[in-house]
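Chemist: Take a look at the letters that make up each chain.
Number of protein chains: 2
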Amino acid sequence: MDLSGTTVALDGLGVESGFDVLNEGIRLAAGDGIRLRVFGPADAIEVSGLPGVEVIDCTDQITNDDDPVPSVRSRPDSSIVRAVADVGAGNSESVVSLGSTGATMAASTFGLKRLKGVKRPALAAQVPLPGRTVLFLDIGANVEVRAQHLVQFAWLGAAFSKSVLGVERPEVGLLSVGEEAGKGREEVVEAHAALVGAGEFDFIGNVEGRDLPAGNADVIVTDGFTGNVVTKALEGTVKRVVGEISAAARKNPLSAAGGLLLKPALGGLRHDLHPDTTGGAILLGLRKTAVVGHGSSGSDGVANAIRLAARSARVDAPGLTEEMLHRVGVNRGSIDSATDV
Amino acid sequence: MDLSGTTVALDGLGVESGFDVLNEGIRLAAGDGIRLRVFGPADAIEVSGLPGVEVIDCTDQITNDDDPVPSVRSRPDSSIVRAVADVGAGNSESVVSLGSTGATMAASTFGLKRLKGVKRPALAAQVPLPGRTVLFLDIGANVEVRAQHLVQFAWLGAAFSKSVLGVERPEVGLLSVGEEAGKGREEVVEAHAALVGAGEFDFIGNVEGRDLPAGNADVIVTDGFTGNVVTKALEGTVKRVVGEISAAARKNPLSAAGGLLLKPALGGLRHDLHPDTTGGAILLGLRKTAVVGHGSSGSDGVANAIRLAARSARVDAPGLTEEMLHRVGVNRGSIDSATDV
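Those protein sequence lines, which keep their order, are chains E and W. In short: position in the first sequence from 1, add 797, done, that's my numbering. In short: position in the second sequence from 1, add 797, done, that's my numbering.
Take the hints with a grain of salt, since some may be wrong.
Label pairs and their in silico Cβ distance ranges [said to hold, decoys possible]:
(1) E/Gly1040 to W/Pro873: 46 to 54 Å
(2) W/Glu983 to E/Lys910: 23 to 31 Å
(3) E/Lys1048 to W/Ala1053: 17 to 25 Å
(4) E/Leu847 to W/Arg966: 56 to 64 Å
(5) W/Gly994 to E/Glu941: 25 to 33 Å
(6) W/Asp1113 to E/Gly1064: 51 to 59 Å
(7) W/Met798 to E/Ala1054: 36 to 44 Å
(8) W/Met798 to E/Pro867: 48 to 56 Å
(9) W/Ser1093 to E/Arg1124: 43 to 51 Å
(10) E/Ala839 to W/Ser1093: 56 to 64 Å
(11) W/Ala978 to E/Glu983: 22 to 30 Å
(12) E/Ala841 to W/Glu983: 38 to 46 Å
Cross-link-like lysine-lysine pairs, in silico, DSSO-like; alpha carbons within 27 Å at most [as the list claims (entries may be wrong)]:
(13) E/Lys1060 to E/Lys1036
(14) E/Lys980 to W/Lys916
(15) E/Lys1060 to W/Lys1036
(16) E/Lys1036 to W/Lys1060
(17) E/Lys910 to W/Lys980
(18) E/Lys1048 to W/Lys1048
(19) W/Lys916 to W/Lys980
(20) W/Lys1060 to E/Lys980
(21) W/Lys1048 to W/Lys1060
(22) E/Lys1048 to W/Lys1036
(23) W/Lys1036 to W/Lys1060
(24) E/Lys1036 to W/Lys1048
(25) E/Lys916 to E/Lys980
(26) W/Lys1036 to W/Lys1048
(27) W/Lys1060 to E/Lys1048
(28) E/Lys1048 to E/Lys1060
(29) E/Lys1060 to W/Lys1060
(30) E/Lys1060 to W/Lys1048
(31) E/Lys916 to W/Lys980
(32) E/Lys1036 to E/Lys1048
(33) W/Lys1036 to E/Lys1036
(34) W/Lys980 to E/Lys1036
(35) W/Lys1036 to E/Lys980
To be clear, the hints were calculated from the coordinates, so they are not data collected in a lab. Source: prediction; values computed, not measured. Note that CB positions come from ideal geometry on N, CA and C, so glycine has one too.
Whenever a hint applies, use it, and build me the whole structure from the sequences.
Modeler: Listed below in structure tokens is the structure:
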């Protein structure tokens, strides 16, 4: 997709790996012709010679240690609030942060309006797997949900999968403790019933925990508590297993030689499983797209987060989502009334 | 621990890998002096020459395809119902099944009484990790819980960790979406408040999804929906990563050679991460112990499930649990009244 000419607002504070990594990420994204408005310290962000990239000096960072909602409300000069406001004002089309997820969610929810009829925005992670990337939501925006929210998450995920990730007819699964329609919490059972026969995507019914790493769906829907815990458990497990194998390879000269011989073959796998590959999590359900990259991103991760935001703007993912919701009536109460209890 | 003379009732149906594996598992456990009463087909279970092992002929198997509760109620001659009844009648001290988890939970909950004051039995998995095995509960007995149930799960887990797993002062964490006491669902926040200052174990507060694979606690407590999904996601992830690495090793002769050189060093890791190592999941909160081994267990898995049940009987884990609950008042309403809403 040609991304040239799209404009992204970038929160320039919060990249854990430092400004060199951020600057290199900016350079890579600018190389695709993406225009950037970077809200960060002018003396650390290096953009000379990059056409279409502008720095707006800004030094107040809301960190992971700050309580998101009150911080966002009380600090209009913070980099994330200004970056979001830039989108709200129409200067940029999407916003990207590599900083606090909570602050980005809070600032975006306040600063960008919700799509018509959407009750709750949801945070979606792209789980990178060899062969298929799974869009997994909600991973933390809503720790408590009702059936109608789960139903909307399915539509939000399907719309993004179609419009931005290019999956023509996404397979959508609902996370539960068994495949049968009657398995799971009350709101899950109810959402299942409401999703059967959904047009525009293939509802494949309930999926289980193992279906996520197996990549058995394009979109997997759950509440923000379960989604958050599962995402972190999954990342931790990959890290642990890879770490233990590396440790085993360092055990003695023979296994070290084995590790060296295996290295090139493992390179592709490492790339496939690395969060940098996908560009980060996306806040869905708002009129503009907000992307939250990993704080520990490398320069590729920074660039891919920016590209994801640009792609979403180029195809007008929020607009297409609203159209779809309107077409199927999810935002006009027809599903609400069936599932809201 | 000397396990000789303990008596375990074994459901002899449901081992996916077949009777040869089951028979070898029985032989291994009998080698430790454990007495066994096996409920299964007399013509398939081979125990001749094994002192203290008896087969009670039984061919009706409740499978994963059967609805557990009605099946258990209507099929008194099924192997799992008879094995549980054998414990109820005092002929055996604990029960082990390698078959349907749902049927084992249903049969045990009906057939073995709950400990005094325990509201809900919980299913605990031992997550095998190099260095530390984490006891993780509830992994599926209760898809919906209240704060008081989470509090009891913490005590049930701590008591088992102490008495059977030999952890002198278990570190107990409560699974949530952030470390702060205020993070998470309402019932989690409430349970957190009730657990602060618990005697007899170290309540380390909220833990996150990544703390499970990292092994950052001896016991991790959650509801049965989240626990079920996370356990399956974790198992699936380990399988996937190991599978992808094996596939990478088969890619070309060089990497294949590397894989071969690494193999011995990886053997220990495979053993550490293998579900067979720990013997299976344990149903806690009943007057006798029920162990559910993996259906795909090898003979070591079968033997370790039997050993776990025997160990629990030898130390009288249920009795010690009840004593502890009584001592701290968890079963007398003091915590109920603080947290039951």
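Chemist: Could you run down the list of hints and mark each one as holding or not?
Modeler: Going down the list of hints, with the structure as the test:
1. Range check, E/Gly1040 to W/Pro873: about 50 Å between beta-carbon atoms, so the 46 to 54 Å window is met.
2. Separation of W/Glu983 from E/Lys910 is about 28 Å and conforms to the stated range, judged on CB atoms against 23 to 31 Å.
3. Between E/Lys1048 and W/Ala1053 the Cβ separation comes to about 20 Å, which falls inside the hinted range of 17 to 25 Å.
4. Range check, E/Leu847 to W/Arg966: about 58 Å between beta-carbon atoms, so the 56 to 64 Å window is met.
5. Distance hint for W/Gly994 and E/Glu941: a CB-CB separation of about 27 Å, consistent with the stated range 25 to 33 Å.
6. One distance hint, 51 to 59 Å for the beta-carbon pair W/Asp1113 and E/Gly1064, holds here, with the actual separation near 54 Å.
7. The hint said 36 to 44 Å for the Cβ distance between W/Met798 and E/Ala1054, and at roughly 41 Å that hint holds.
8. Between W/Met798 and E/Pro867 the beta carbons are some 54 Å apart, a value that agrees with the proposed interval 48 to 56 Å.
9. Take W/Ser1093 and E/Arg1124: their Cβ atoms lie about 46 Å apart, and the range 43 to 51 Å holds.
10. For the pair E/Ala839 and W/Ser1093, the supplied restraint of 56 to 64 Å holds, since their beta-carbon distance comes to about 60 Å.
11. Roughly 27 Å separates the CB atoms of W/Ala978 and E/Glu983, a value that falls within the hinted 22 to 30 Å.
12. Between E/Ala841 and W/Glu983 the C-beta distance comes to about 42 Å, which sits within the given range of 38 to 46 Å.
13. Simply put, E/Lys1060 and E/Lys1036 have alpha-carbon atoms about 16 Å apart, close enough for the 27 Å limit, and the pair holds.
14. The straight-line distance between the Cα atoms of E/Lys980 and W/Lys916 is roughly 22 Å, inside the 27 Å bound, and the hint therefore holds.
15. For a cut-off of 27 Å, the pair hint linking E/Lys1060 to W/Lys1036 stands: about 20 Å separates their Cα positions.
16. With a C-alpha separation of about 20 Å, the suggested pairing of E/Lys1036 with W/Lys1060 holds against the 27 Å cut-off.
17. Taking the CA atoms of E/Lys910 and W/Lys980, the gap is near 26 Å; set against the 27 Å cutoff, the hint holds.
18. At roughly 24 Å between alpha-carbon atoms, E/Lys1048 and W/Lys1048 fall within 27 Å of each other, so this suggested pair holds.
19. A hinted pair counts as satisfied when its Cα atoms are at most 27 Å apart, and W/Lys916 with W/Lys980 qualifies at roughly 25 Å.
20. Distance check on the hinted pair: W/Lys1060 and E/Lys980 sit about 41 Å apart at the alpha-carbon level, beyond 27 Å; violated.
21. Between the alpha carbons of W/Lys1048 and W/Lys1060 the distance comes to roughly 16 Å, so the proposed pair stays at or under 27 Å and holds.
22. For a cut-off of 27 Å, the pair hint linking E/Lys1048 to W/Lys1036 stands: about 23 Å separates their Cα positions.
23. A C-alpha spacing of about 16 Å is found between W/Lys1036 and W/Lys1060, which places the hinted pair at or below 27 Å, so the restraint holds.
24. Taken as a hint, the E/Lys1036 and W/Lys1048 pair is honoured in the structure, with Cα atoms around 23 Å apart against an allowance of 27 Å.
25. Our distance criterion of 27 Å between C-alpha atoms is met by E/Lys916 and E/Lys980, whose separation comes to about 25 Å.
26. For a cut-off of 27 Å, the pair hint linking W/Lys1036 to W/Lys1048 stands: about 18 Å separates their Cα positions.
27. About 12 Å separates the Cα atoms of W/Lys1060 and E/Lys1048, which keeps this hinted pair within 27 Å; it holds.
28. Among the hinted pairs, E/Lys1048 with E/Lys1060 is consistent with the structure: their alpha-carbon atoms are about 16 Å apart, no more than 27 Å.
29. The suggested pairing of E/Lys1060 with W/Lys1060 holds, with an alpha-carbon distance near 15 Å, which does not exceed 27 Å.
30. Restraint check for E/Lys1060 and W/Lys1048: satisfied, since their Cα atoms lie roughly 12 Å apart, inside the 27 Å limit.
31. Of the pairs offered as hints, the one joining E/Lys916 and W/Lys980 holds, with about 22 Å between alpha carbons and a cut-off of 27 Å not exceeded.
32. At most 27 Å may separate the alpha-carbon atoms for a hinted pair to count; E/Lys1036 and E/Lys1048 meet this at roughly 18 Å.
33. For a cut-off of 27 Å, the pair hint linking W/Lys1036 to E/Lys1036 stands: about 14 Å separates their Cα positions.
34. Proposed proximity of W/Lys980 and E/Lys1036 is supported: the alpha carbons are some 25 Å apart, at most 27 Å.
35. In summary, the hint linking W/Lys1036 to E/Lys980 is supported, as the alpha carbons are separated by about 25 Å, within the 27 Å threshold.
Of the numbered hints stated above, the single one contradicted by the structure is hint 20.
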